[in-house]
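For the record, the sequence lines run as chains A and B.
Residue 3 is where the first sequence starts when you use my numbering, and the numbers rise one by one after that.
Residue 2 is where the second sequence starts when you use my numbering, and the numbers rise one by one after that.
To be clear, the hints were calculated from the coordinates, so they are not data collected in a lab.
Be a bit skeptical, because a hint or two may be false.
Said to hold, decoys possible - Here are a few chain A residues that sit away from chain B, every Cβ distance over 12 Å (derived from the structure): (1) Asp65; (2) Lys70; (3) Leu121; (4) Glu124; (5) Lys133; (6) Asp135; (7) Glu141; (8) Gly167; (9) Gly237.
Unchecked claim - Think about it this way: if two alpha-carbon atoms lie no more than 35 Å apart in a straight line, the pair counts; the simulated DSBU-like pairs of lysine-lysine are: (10) B:Lys40 to A:Lys90; (11) A:Lys133 to A:Lys165; (12) A:Lys133 to B:Lys88; (13) B:Lys103 to B:Lys61; (14) B:Lys88 to B:Lys104; (15) A:Lys165 to B:Lys16; (16) B:Lys55 to B:Lys104; (17) A:Lys90 to B:Lys70; (18) A:Lys55 to B:Lys70; (19) A:Lys111 to B:Lys103.
Small disclaimer: the values here were computed from a predicted structure and weren't measured.
All residues carry an ideal CB built from backbone N, CA and C; glycine is no exception.
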Amino acid sequence: MSDTRIKLKGKSPFKEMVMKLLPDGGNLNDCLTCGLCASGCPATGMDDMDPRKFLRMAALGMDEEIRKSRWPWFCTMCTRCVHACPMKINIPQLVFNARRLRPRDEMPKGILGSCDMALSKETNSAMGCTKEDFSFVVEDLLEEIKEEYPIWEERNLQAPIDKEGAEFFINQNSREPMIEPEEMGPLWKILNLVGVDWTYGSAGWAAENYCMFMADDNGWKTLTERSAQKCDELGCTTFLNTE
Amino acid sequence: MYTLYATWIREGKLKPDPSWNDELGIKFTLQDPCQIVRKSFGDPAADDMRLVVKACVGEKNFIDMTPNKSNNFCCGGGGGFLQSGYKEQRLLYGQIKDSQIKKTGATYCVTGCHNCHAQIHELGDHFGGGYHAVHAWTILALALGVLGRSERIHLGEELQEVNLPDSSR
Ligand code: SF4
Ligand code: SF4
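Could you put the whole structure together from the sequences, leaning on the hints where they help?
Below you can see the structure in the form of structure tokens.
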């Protein structure tokens, strides 16, 4: 292993920074180099990298190499390595924070674009679905269902937006209203059959959060707060993710 | 949400009927979403998801992947991979998932998360597995007899006419 020949100066600013953020420092100093993490990680081998090696690089202070690496974008932060690790070392958090090392304009374009789009819309939609688009699609679909199956008129199928005092505030991935609205119907019907009192919010209904994926803490917070605020404003008691 | 589906089924508020699949014997497997199972609620949530799927497609028509639940492999759609532009690496990452699904022999993989849905759908196409990715609400509505004709875009030919609700009322 070539790692071991590198002269240690005992300085690894990136790793130290991440350890300060994590409970118990994410156990980042406790690695036994057993390799269990790497053997069960689907991203092992890509760009000649794996989780064990990534952690070693951080420990050795190879911060510049880490900053340049594409590998943090190949790790999905799925935490399978932590599950397998005897020392419960938080490699996904190390990866998450490594994503932060790039300037904003060097982030993968798709993720940056989705984050910026969501921030620019009060709906939080990464696909740019506006308040008006959303309510149009929802109302249109509701009508179509009732036309095709009149029983839903009788059963009073609803898809309310901004219903005050509803128990559940439900979010929805933008893919549905934008690409396949038909996929919303089954959920509405299930909720109707159970007799659930629920609502969408005109603001903050979109479930996706791409700002989180690029470790943009402020953007992440803004999006989450918008949803939570709308939920509070309507007096809903439970925030329910459709996933 | 899956925990709620399971609760509603346990409490009798939802009564899915899997008998539509008794003779058809169409096989289903399930992708445990990392975000919901390993990272949030653990195996109890995974068990709830299984309860829901089995109640909808029939116990004998459910085939688990191995490994599964908290030890499941990520499909490769998470963490922003779908939007990062690294498609080649994303498909490479998904190869493990693809072979896991193929090994079950299932025609359908129920996905509990939108990223999983998009990724597994693409894996099925790309590696020629021919399996479909479906949301849980689709099979639940199917087993409840309320899945309309237009709500079957992710179902194959063989399920287009199964358990269709009566449109005359
Ligand atoms: S599994 Fe844990 S202890 Fe083993 S090499 Fe990986 S990080 Fe180190
Ligand atoms: S969190 Fe990242 S490093 Fe760990 S197993 Fe998942 S993809 Fe691999």
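Here is what the structure says about each hint:
| no. | hint | verdict |
| --- | --- | --- |
| 1 | Asp65 | holds (21 Å) |
| 2 | Lys70 | holds (15 Å) |
| 3 | Leu121 | holds (15 Å) |
| 4 | Glu124 | holds (21 Å) |
| 5 | Lys133 | holds (21 Å) |
| 6 | Asp135 | holds (18 Å) |
| 7 | Glu141 | holds (16 Å) |
| 8 | Gly167 | holds (19 Å) |
| 9 | Gly237 | holds (20 Å) |
| 10 | B:Lys40 to A:Lys90 | holds (13 Å) |
| 11 | A:Lys133 to A:Lys165 | holds (15 Å) |
| 12 | A:Lys133 to B:Lys88 | holds (31 Å) |
| 13 | B:Lys103 to B:Lys61 | holds (18 Å) |
| 14 | B:Lys88 to B:Lys104 | holds (24 Å) |
| 15 | A:Lys165 to B:Lys16 | holds (27 Å) |
| 16 | B:Lys55 to B:Lys104 | holds (19 Å) |
| 17 | A:Lys90 to B:Lys70 | holds (18 Å) |
| 18 | A:Lys55 to B:Lys70 | holds (27 Å) |
| 19 | A:Lys111 to B:Lys103 | holds (33 Å) |
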